[in-house]
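Following the hints, position chain B against chain A.
Taken in order, these protein sequences are the chains called A and B. At position 173 of the first sequence the residue is numbered 173 (the UniProt record's numbering), and the sequence of numbers has no breaks. At position 455 of the second sequence the residue is numbered 455 (the UniProt record's numbering), and the sequence of numbers has no breaks.
Don't read these hints as lab results, they were simulated from the structure. There's no promise every hint is true.
[Stated by the list, open to error] Here are the simulated SDA-like cross-link-like pairs (lysine to any residue), alpha carbons at most 25 Å apart as the crow flies:
| # | chain 1 | residue 1 | chain 2 | residue 2 |
| --- | --- | --- | --- | --- |
| 1 | B | LYS308 | B | ALA165 |
| 2 | B | LYS414 | A | PRO221 |
| 3 | A | LYS80 | A | SER93 |
| 4 | A | LYS83 | B | LEU436 |
| 5 | B | LYS380 | A | ILE109 |
| 6 | B | LYS404 | A | LEU107 |
| 7 | B | LYS32 | A | PRO221 |
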Amino acid sequence: MSRSGASSLKRKRPDSNSLSQSLTEHERVLYDLIRSKQDMGIWTRDMKRETNLPDNVVTKSLKVLQAKKLIKEVVNIQNKGRKHFMAVEFEPSKELTGGAWYVEGNLDIEFIKFLKELCLKQIYMMKVATVEGVSDAIKRTGAFKVECTTQQIAEIVKALVLDNEILEVRSTGSGEFSSIPIGAVCYRCTSRGGLGGGGPKIGAMASIPCGVCPRISQCTPDGIISPRTCVYFAKWLDF
Amino acid sequence: MVTQHGIKLAVQLISSHFGDLVAKVCECLLRKGILTLQEVVRHTKLNPQNVTKCLLVLIQHNCVQAFRMEQQGGFGEASKVLVQYMVLFENILHRMRFPKFLVIVSEELGKECEMVLEGLLQHGRLTLHQIFERANKSNKNEAQDAIRESFIRLVNARYVERCPAHEPFLVPPTEEETTARKRGAKSAKIVEELETIEQRAIAAAAPMEAKRFLVITDTGTDVKGENNGDNSPSVTVGVKRKHGASEMDGELGALEFEEKVTWRPNFEEFVRRLRHKACIANVRSRLDDGSAVVLSSVLEATRTAEKKVKTEHSVPISLNTIYEEVMKSEAGRTMTLDHVRASLVNLGCGKRGTDELYSIDLKNIIELAQNDEVESIVLKRYGKEAYRMFRLLSNTSRLLETDKISEITFVEKKDTAKILYKLWKDEYLQMEKLLLPASRQSHFLLWKVNKNTLWEHVLDEMYHASLNLSQRVAYELEQENEVCLWKTHLLGYFSFELILISLCFFLVNYFGEL
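Chain A extracted, bound-state conformation:
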């Protein structure tokens, strides 16, 4: 679980004088433009528009600049199809990467899943906890090499609430809430609690074939899909 730290750390600036001397004029114009965009980078189409250079020149110059290791191509989460370039000394900004949950333009599902389980385990152990409480506890376990901000934990906890794994409650200040100030938002496991045992129960409607049938709108008494010939029913009745 190694995660890159702060996202926009500037590296040591290469000696631009000596390098830029070896560049053609077009290449230098392009390089200066790309570098001026810092950690936001720039889309090839925008480069063409801003520099007014013909397509083939831009393409060629980009290749040269890349070969000289002055610029790099980065993924833009907003638009993965667009070619996006940035000077090598910058790290892509949050807007480009999609924030902490993304790795190379893709959602880091493994990491999120891991963090979710960890949070759930913590809340289960603590019975009732605030976001800060969960965050501190996770830091103490030392499960991560990298820092996980409280903000990130809060996002994860919110998703767990949506999963119906935990409940958002307000502290009453007494009983199990004794260590939490009155009125503070905190979280506890759903009543059926425990790991894996949580989550929603299946309702009456969802427990019969028609309740969850993807073809219900096409189902008529005498149609091609009908309750008499329904395969879902047949399966359901097959003891």
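Chain B only, in chain A's frame:
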């Protein structure tokens, strides 16, 4: 709330219980609304004798209510009083719940009462005399007194009531009302008008509250149905019930009373009972046993004081009364006053006024249960990601943009759009397009859960599901003769029945709220 599949389900029920002819008349009334005999004849193209008989069957089984209303004659004709017929959709659906009703009575009042109720359910409405006759026929030769006693117990528990007046007279809506209505949007206003006429007709036909559960016995003493529950306030006579006050048995002797007054099952009370049970079950699974016991006690103590079935808040009562009631039940005997108070807080009911009166928000419990049910459908039909998105939108109840939803629910943007689109196509979500020509991304999609329309949609799907289940049951029974699928039949039939019953029970309790 009558939906397309609701009508189909009702027609199927009537058809399987009373045949196709009655079903045809019933469907005509369901689709066209309130009609006169001539209109029914015209629409169904049946002969008038048959239509009359069908209407009588439906009235006998409490599925149709007739009423008289003055109609203005056009072109100088004198206005005349016409008898109109209106179908009672809910009462037709209650036919699916009969087994459930029998179970309630059997559990609460015993086998004898169940038998009396069974007769009433089978025949729709009966006089006391007919109830005795029926009991004699069934060869059990039970003493008339025992049957009378069972009957009185049913009336006292409000499970049986006097039949409403046959053809109450309804004063037509006044000039002002009609002109005011004409001005508004047409269709909406027409629906509203129909509703008011229907409600007025039912109110006009209903027997006076004091008479509704009044039994005259030959010992000369009147047995009133209001004396159960120690603190129930005496029921006040509704003003609107005035029309329905028939003088038919003011001076009736016991014998005439037996022969002339007809009785029917009081669906309202059964539904109230089922609604209470559903609320208690929901609280038990969501909170804890203590809260469920307290809720059950509160509802038991205030049962007779509830004005209508879909009560939003339980009738306020004091902590002491609640505690007394809690002590009566086996599960509540070990509870302390503090425990009861804590459970009341758990149930989210605040104190009312200074004299410590408590009232429980039943509407909220029902709403939570409805949410759970729909969410559970979304989970099973569309998966966990969709479930998360649906819950997010359902809780925020405002428009959210696709990317925002993707961020909060931790789903890839592309997948988010796909899932949301699927939910929208199946009418689970509402979508709004936001066009921003100036920005790089020309349009944004905003999503939202509209509970009013969605609940109606889910209710319709439930009617559809019930319809399918009952058709499959019929089909399985047909097949029974051909193959010796005893296992399938036996188990299948019973599980069908059970599920059908539980589903119906669910329908009325949660989505009957609409």
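How the hints compare with the structure:
Between B/LYS308 and B/ALA165 the CA atoms are separated by roughly 20 Å; this keeps the pair inside 25 Å, and the hint holds. Between B/LYS414 and A/PRO221 the CA atoms are separated by roughly 38 Å; this puts the pair beyond 25 Å, and the hint is violated. Annotation: proposed proximity of A/LYS80 to A/SER93 holds, straight-line Cα distance about 15 Å (limit 25 Å). About 24 Å separates the Cα atoms of A/LYS83 and B/LEU436, which keeps this hinted pair within 25 Å; it holds.
The suggested pairing of B/LYS380 with A/ILE109 holds, with an alpha-carbon distance near 22 Å, which does not exceed 25 Å. Taken as a hint, the B/LYS404 and A/LEU107 pair is honoured in the structure, with Cα atoms around 14 Å apart against an allowance of 25 Å. At most 25 Å may separate the alpha-carbon atoms for a hinted pair to count; B/LYS32 and A/PRO221 meet this at roughly 23 Å.
Going down the numbered hints, you'll see the structure goes against just number 2.
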